[in-house]
Amino acid sequence: MKNVSTVTVDTSRQGVLGRLYIFAILGGLAVTLRHLLRNLFGQKDVATIQYPEERREYSERTRGRHILTTRDDGSLRCVACYMCETACPADCITIVAEEDPEATVEWEKKALSFEIDLLRCVFCGYCVDACPKQALVMSRQHEMAFTTRDEAVVGIEELKQKGPIEDEDLGYRPYY
Amino acid sequence: MTDSLRKAGMSQTTLPELFPGGATFDAHTAADGLVEMHVDRSGLIGVLKTLRDHPDLACDLLLDICGVDHPEREQRFEVVYHVASLDKGHRFRIKVPISEDEPSVPTAYGIWRAADWFEREAWDMMGIRFDGHPNLRRILTHEAFQGHPLRKDYDPAQRWILTEDETMVPDWVTETIEDEDHFETQILNLGPSHPATHGTLRIVVRLDGEVITKAETEIGYLHRCFEKMSETHGWNEVIPYADRLNYCSAMNNGVGYALGVERMLGIEAPPRAQMVRLILCEFSRLMDHAVCLGANLVDLGALTNFWYFFQPREEIYSLLEACAGGRLTVSYARIGGLVHDVPDDFEERVRQLLRTIPKFIDDVDRLVTKNRIFRDRTEGVGVMSAADAVAWGWTGPCLRASGVGFDLRKEQPYMGYDEFDFDVPIATSGDCYARYLVRLEEMRQSLRIIEQAVGRLAAGPVITDNHHVALPPKSKVYSEMEALIWHFKLIYEGIKVPSGAMYTATEGSNGELGFYIIADGSGHPYRIKVRPPCFAIFQAYPHMLEGHLVSDAIAILGSLNIIAGELDR
Chain C
1 MKNVSTVTVD
11 TSRQGVLGRL
21 YIFAILGGLA
31 VTLRHLLRNL
41 FGQKDVATIQ
51 YPEERREYSE
61 RTRGRHILTT
71 RDDGSLRCVA
81 CYMCETACPA
91 DCITIVAEED
101 PEATVEWEKK
111 ALSFEIDLLR
121 CVFCGYCVDA
131 CPKQALVMSR
141 QHEMAFTTRD
151 EAVVGIEELK
161 QKGPIEDEDL
171 GYRPYY
Chain F
1 MTDSLRKAGM
11 SQTTLPELFP
21 GGATFDAHTA
31 ADGLVEMHVD
41 RSGLIGVLKT
51 LRDHPDLACD
61 LLLDICGVDH
71 PEREQRFEVV
81 YHVASLDKGH
91 RFRIKVPISE
101 DEPSVPTAYG
111 IWRAADWFER
121 EAWDMMGIRF
131 DGHPNLRRIL
141 THEAFQGHPL
151 RKDYDPAQRW
161 ILTEDETMVP
171 DWVTETIEDE
181 DHFETQILNL
191 GPSHPATHGT
201 LRIVVRLDGE
211 VITKAETEIG
221 YLHRCFEKMS
231 ETHGWNEVIP
241 YADRLNYCSA
251 MNNGVGYALG
261 VERMLGIEAP
271 PRAQMVRLIL
281 CEFSRLMDHA
291 VCLGANLVDL
301 GALTNFWYFF
311 QPREEIYSLL
321 EACAGGRLTV
331 SYARIGGLVH
341 DVPDDFEERV
351 RQLLRTIPKF
361 IDDVDRLVTK
371 NRIFRDRTEG
381 VGVMSAADAV
391 AWGWTGPCLR
401 ASGVGFDLRK
411 EQPYMGYDEF
421 DFDVPIATSG
431 DCYARYLVRL
441 EEMRQSLRII
451 EQAVGRLAAG
461 PVITDNHHVA
471 LPPKSKVYSE
481 MEALIWHFKL
491 IYEGIKVPSG
501 AMYTATEGSN
511 GELGFYIIAD
521 GSGHPYRIKV
531 RPPCFAIFQA
541 YPHMLEGHLV
551 SDAIAILGSL
561 NIIAGELDR
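Residue numbers (my numbering), protein chains in the order written: chain C, 1 to 176; chain F, 1 to 569.
Since the hints were made in silico from the structure, they are not lab data.
Incorrect hints may appear among the rest.
Computed list of lysine-lysine pairs in DSS-like fashion (alpha-carbon distance at most 25 Å, straight line) [stated by the list, open to error]:
| hint | chain 1 | residue 1 | chain 2 | residue 2 |
| --- | --- | --- | --- | --- |
| 1 | C | Lys-162 | C | Lys-109 |
| 2 | F | Lys-476 | C | Lys-109 |
| 3 | C | Lys-109 | F | Lys-489 |
| 4 | F | Lys-152 | C | Lys-133 |
| 5 | C | Lys-110 | C | Lys-160 |
| 6 | F | Lys-496 | F | Lys-476 |
| 7 | C | Lys-109 | C | Lys-133 |
| 8 | C | Lys-162 | C | Lys-110 |
| 9 | F | Lys-474 | C | Lys-109 |
| 10 | C | Lys-133 | F | Lys-228 |
| 11 | C | Lys-160 | F | Lys-474 |
| 12 | C | Lys-160 | F | Lys-496 |
| 13 | F | Lys-152 | F | Lys-228 |
| 14 | C | Lys-133 | C | Lys-110 |
| 15 | C | Lys-110 | F | Lys-476 |
| 16 | F | Lys-474 | C | Lys-110 |
| 17 | F | Lys-489 | C | Lys-110 |
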């Protein structure tokens, strides 16, 4: 073992004064009393919030429920390249591709179905990193409750961006 | 002559002379700096004994035992031992090839007590028998489970329906001792879902009055097949799994794994990434200790401390979330660096935390440390001597509380820990109180490290620009053909880690967190064996209980900080 700088913590037995409960108890009461008074009169110190009336503000990188982004014409940006499905550590994404009936040269494949099992998903953001078209981003929505397991498997309709992208509660998306 | 062998005070030619005859082996220094030896089954015990007892070798710490399956080889299985010498600082890896027809080796239980659970795990997962082991039962899977899941020919898709009738009932449960001294013997189950276990563990104790006379533990309730799943997923995709090992300090696991793979690839993360990793790892260690102490104190009836510790923890989680996007399981590290840079106000927030956290630590210190009620419940309770702790394979704060100042951040500095000025707290009494004090002091030392690190945070990239390892920047993926091709290749084929095996250890919050990683040159790991610090610590637990009261059992359990995610993997 290398000769490292150590500090030895004091585990020696207490003396008579220490073994009298009273001083340690008073010292402890001073700590809790200070917290009590600060919480009563200095409201800004209070750590708790009145959930659900009040909510914590999460960062712009929060990994919440996914969004499938759309082009200006409302069609999905997804080209069904299966990159997110491949990168997913939880194997929760299932894509079925089809030929785009309105194919231009640029867009040939599109997703016939795109399903994410939100109960399997571990919200790691690997799918967002893997997407080469910025077709999949994440929102900050993290409160998801389901009554059945089937309900947790969401498809294109549930995931599709509903309005302008700025209106979505955007969370994790490519930064680099 | 190589460094490790020289450190061990011997050369390649003199090494075999130290060992008794009959053992055929070759020794060399492996790529990861360990002395690797290939030993015959017949000579194994002699070699292991010499390793422990020879004054020049003095390998007193058994780190890990695992099995590796190579179906294509004539000797299909390989039993791999990792041992270390605390005194000399050298490490050995012993490999024993065995055939499928007779997959057994003699037990090392008589040499290191730490072998107990590690051998049971190798039996359970790989089907390797350890002749002479006193209690070779399954450990992570159910008693009625069939097959050995980590064998390459095991089909993970099959399902076993296991009935409740086959739950563990130790033999001694039915033994009744009733005489004048033992007037009331009864069996008590603690867990698997008991608030004081803080995870899914089961402890069966036999009580004589209120005193525990015998105890046994059952684990595996949270087994999620981490090692098996890693074999079918890409190198980077293991990081979210690794985060779920010790979920109280997720960052430490992800970084530990990433460092292991980076070593195999021969790359290093850029300096900025190293520094951010270090800061967040120390914050994670601090949180882990805060959870451990807070929960331990709740179990002892001191609830207030829990709130005092959870407030800074909440703020650290907010910082992690601002960096990574996740709070508990961050998935922030990547092989080669970090997934993206920290937010602009990172330094400011870290400095803010450095100002506020000491107040909470001091509050708990003032509330508890001198309180006689707390001290009477923890002093002299769950005493572990230094020699016993080492024999059981303990590392981390629990070992340091027994008086052994072993810390990998000092011993084998990684991520530039050697450039920081910090002390390793140790205690001599080895009881619950000592473990409390050591953790409390470690939190202060972590803050010292962070304070120095935040001043050294230099601008620069946070992930390597090696396109065989790291995804190219998104702006290039959207616009450049070449970047898009690299992106596709990395996602579909994965990182190609060259064939080989390395054992990389980092100082996790609970002790030495080792990753023994074997690569076969493909896009996913061939085998990963985690050396979880909790596993070695928890196997000593039933032996520590004898003679204690039930309430002491709770105090001891809390002071060991058993995290089920890491224990069961």
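Now for the hints, and whether the structure bears them out:
| no. | hint | result |
| --- | --- | --- |
| 1 | C:Lys-162 - C:Lys-109 | holds (22 Å) |
| 2 | F:Lys-476 - C:Lys-109 | holds (22 Å) |
| 3 | C:Lys-109 - F:Lys-489 | holds (19 Å) |
| 4 | F:Lys-152 - C:Lys-133 | violated (37 Å) |
| 5 | C:Lys-110 - C:Lys-160 | holds (14 Å) |
| 6 | F:Lys-496 - F:Lys-476 | holds (22 Å) |
| 7 | C:Lys-109 - C:Lys-133 | holds (13 Å) |
| 8 | C:Lys-162 - C:Lys-110 | holds (19 Å) |
| 9 | F:Lys-474 - C:Lys-109 | holds (22 Å) |
| 10 | C:Lys-133 - F:Lys-228 | violated (32 Å) |
| 11 | C:Lys-160 - F:Lys-474 | holds (22 Å) |
| 12 | C:Lys-160 - F:Lys-496 | violated (35 Å) |
| 13 | F:Lys-152 - F:Lys-228 | holds (9 Å) |
| 14 | C:Lys-133 - C:Lys-110 | holds (12 Å) |
| 15 | C:Lys-110 - F:Lys-476 | holds (23 Å) |
| 16 | F:Lys-474 - C:Lys-110 | holds (22 Å) |
| 17 | F:Lys-489 - C:Lys-110 | holds (21 Å) |
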